[in-house]
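Let the hints inform the model, and build the full structure from the sequences given.
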Amino acid sequence: MKISSTKTLVAAIALSLAATSASASGKLSIYHWFEYMPQQVLDDFKAKFDIEVTMDTYDSNESLLASLKAGKIGSYDLAFPGDYMVAIMANQGLLDTYQRSELSNFDNIQKQWIDVEFDKGRKSSIPYQWGTTSFSVNRDVYSGSIDSTAIIFDPPKELRGKINVLDSQGEVLTMASLHLGIPQCSTDRKQLKKLNDLLLSAKAQWASFGSDTAKEVLVSGDAAAGMIYNGYSAKAKEEGANVEYAYPKEGYVAWMDNVVLLRDAPNRASAITFMNYMLEPEVMGKITNFSQYSAGIQGVAPFLTEKLRNSPENNPPASAPVGTFVAVCDEQTQLVYDRIWTNLKK
Amino acid sequence: MATVIAPNSTTAESSNHSSLVGNIRDWLLMPSWLVIGLFLVMPVLMMLVYSFLTKEFRGGVIWEFSLAAYDQFFIDRGLFGDEPIKIEWTYINIFWRSFWQAGLATTFCFLIGFPTAWYIATRTGNSKHIWLFLITIPYWVNLLIRTVSLKFLIRDNGPVNDWLLTLGAISEPLSIINTNLAVQLGLFYSYLPFMVLPIYASVERYNFALSEAAADLYAGRWTILAKIVLPAVKPGIIAGCILVFVPSLGAFLAPDLLGGAKNFMIGSLIEEQFKGNAGNWPFGAAISMILLSMVLVVLTYYARSQTRRENS
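Heads up: the protein sequence lines correspond to chains A and B, in order. Going by our numbering, the residue at position 49 of the first sequence is 49; the numbering climbs one at a time, nothing skipped. Going by our numbering, the residue at position 99 of the second sequence is 99; the numbering climbs one at a time, nothing skipped.
Keep in mind the hints are simulated off the structure, nothing from the lab. There could be a bad hint or two in this list.
Calculated lysine-lysine pairs in the PhoX-like style (CA-CA distance at most 20 Å, straight line) [said to hold, decoys possible]: (1) A:Lys27 <-> A:Lys194; (2) A:Lys46 <-> A:Lys27; (3) A:Lys345 <-> B:Lys262; (4) A:Lys346 <-> A:Lys193; (5) B:Lys275 <-> A:Lys345; (6) B:Lys262 <-> A:Lys346; (7) A:Lys286 <-> A:Lys307; (8) A:Lys69 <-> B:Lys275; (9) A:Lys237 <-> A:Lys307; (10) A:Lys203 <-> A:Lys157; (11) A:Lys72 <-> A:Lys27; (12) A:Lys346 <-> B:Lys275; (13) A:Lys194 <-> A:Lys346; (14) A:Lys111 <-> A:Lys123; (15) A:Lys203 <-> B:Lys86; (16) B:Lys86 <-> A:Lys346; (17) A:Lys345 <-> A:Lys203; (18) A:Lys48 <-> A:Lys286; (19) A:Lys346 <-> A:Lys203; (20) A:Lys27 <-> A:Lys48; (21) A:Lys203 <-> A:Lys193; (22) A:Lys286 <-> A:Lys235; (23) A:Lys307 <-> A:Lys235; (24) B:Lys86 <-> A:Lys193; (25) A:Lys345 <-> A:Lys193; (26) A:Lys46 <-> A:Lys286; (27) A:Lys72 <-> B:Lys275.
Partial pick of chain B residues on the chain A-facing surface, computed with a CB cut under 7 Å [as the list claims (entries may be wrong)]: (28) Phe57; (29) Gly59; (30) Arg77; (31) Leu79; (32) Lys86; (33) Thr90; (34) Asn157; (35) Asn178; (36) Gly260; (37) Ala261; (38) Lys262; (39) Phe264.
All residues carry an ideal CB built from backbone N, CA and C; glycine is no exception.
In structure tokens:
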């Protein structure tokens, strides 16, 4: 009884494996963030190329990595990791590469997004959407200048004890490093001690840590200032909070989600077609209107809504520096940053 | 499997009735044993094994024996990992904070829950059922939603503060949100029925003639409570305390949403090891094992002292 049922199970697994790995042309399997791809785009793609897209979703870069490492690699063609995760996935051998000649729209990619730190020269990835992480301040509470990270790390009297920071190690430690003017993944002990001390002293002025609550605490007034993503801050304003998104002079965090070609993609040809489709300005315009962030390719502006084109959250002032990506540290260095984070939250 | 069935069924047919019943009972219990084995014992064993493995950078394990996870928990080597070794207080403090919060929540739940349960159990007829019904109604709503609602109520410009301000009881809003008081309020509110219901069940079975007999023998009210009532309803109190204490220990909704997530609790510390930046699975497993052994020690000690008392 046991043996036969095991046999049935094995047969079933073998069958289902055969079904998914059979590389029928006209199929594409993507693994994407939740609520980040309008259905319209997938329908249009199917109408144009006769390729059926199946999409599964995940909710964080880390869960994407965990799921691929736990055996999903080989069942998806494309995924949409954030900048640092592209580097990690490449290091772990989870990505395939393409030739520029395979993508006729490659030149649509904005020049500054080609030679990026996390995928030099774009060998496995193309831009999807990008945005920034900085902070917003409630202008009813504080009307002074907000162009410095001191708002978070050495706040003025009006904001003390009313600050929310993201519950995310990478973004908080990067902002703190920018505030101190020290590099990320530093191995200089003096700098690291300074970073540790800064965070401990700043924490006394913070009300809470929260990432998915970052918008809500600003709208409700629980926090008068808070670290937040640009699109999220725009939504807080839509919901009635009198907040202004800052582009501080010390710098701020930039992030970019990317389309990557996965290793052992069952439908590589369809995947390339889809990547090329993602580089068409009109298509990316639709996606940008949906996500409210920014596209990394040229010629999208005419397809954007008026509001999005002119939003202060998506258009840094000319005086603002460029955003800094969260760096990927090696294991020994990361260990120290983990300790600093634990010290902050112990 | 088939070879096991054969001899058993023949003995059952040939031998007496009770072994047949016992046999059927064993088989009927099989699904439960399978579920317990598969979903309870296996994960705990996996956790135990993982806690002794070498961590893989950014999640995962390398199958090599290592004590690094336990070392990290107990031994402090400074920020850069090369100072002379000291005892690591960080994680012990996090444990202490969680135990303290859970203990406090249990105490409050008992102080409010016991009189409530007593009151309900001593009602007659329909009103008893109505009271029980009222206690359970809020728990038809998801815990997350109830916790968020509590946050709305107690925030600086929320209804509770508005009401107190209008009444003139306070002149400035009370800052409750993002404090330990808010966490306590959340835990108390979340787990109160787990205290009320078991105590109610015990009190309902209590024979009030015993109290009367004690009073006839000139026992005072407090003596009756301490010497007659409490020992009689003790199983309900113990059950209630365990049901409140254990989930409070691992609670993360109340500390995160109401307390502002400023300090790790045991639950969020473990989560960070699996979903955080470094992804240190063996360390997460080790913390879980340490927590599990502590709870086991306390419960075993309690069970031992119970049996000793019953034997004496």
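Next on the checklist: Let's test the interface hint: is any C-beta of chain A closer than 7 Å to that of glycine 260 of chain B?
Outcome noted: 3 Å, holds
Next on the checklist: Quick check on the hint: arginine 77 of chain B CB to chain A CB, less than 7 Å?
Outcome noted: Violated, about 10 Å.
Next on the checklist: Check the hint pairing lysine 203 of chain A with lysine 157 of chain A against an upper bound of 20 Å on the C-alpha distance.
Outcome noted: 15 Å, holds
Item to check | Holds or violated: lysine 111 of chain A to lysine 123 of chain A, with C-alpha atoms at most 20 Å apart | outcome: Distance ~15 Å between lysine 111 of chain A and lysine 123 of chain A Cα, so the pair holds.
Checklist entry - When you check the alpha-carbon spacing of lysine 194 of chain A and lysine 346 of chain A, does it fall within 20 Å? => result 18 Å, holds
Item to check | Straight-line alpha-carbon gap lysine 46 of chain A to lysine 286 of chain A, limit 20 Å | outcome: 16 Å, holds
Checklist entry - Holds or violated: is there a CB of chain A closer than 7 Å to the CB of phenylalanine 264 of chain B? => result 5 Å, holds
Item to check | Restraint check for lysine 72 of chain A with lysine 27 of chain A, where alpha carbons must lie at most 20 Å apart | outcome: Roughly 17 Å between the alpha carbons, so the hint for lysine 72 of chain A and lysine 27 of chain A holds.
Checklist entry - Does lysine 275 of chain B lie within 20 Å of lysine 69 of chain A when you go C-alpha to C-alpha? => result 14 Å, holds
Item to check | Proposed proximity, lysine 345 of chain A with lysine 275 of chain B (alpha carbon, max 20 Å) | outcome: 16 Å, holds
Checklist entry - Under the criterion that the straight-line Cα-Cα distance not exceed 20 Å, is the pair lysine 262 of chain B, lysine 346 of chain A satisfied? => result 8 Å, holds
Checklist entry - Is lysine 286 of chain A close enough to lysine 307 of chain A, meaning Cα to Cα at most 20 Å? => result 14 Å, holds
Of the numbered hints stated above, those contradicted by the structure are hints 1, 15, 30, 32, listed in ascending order.
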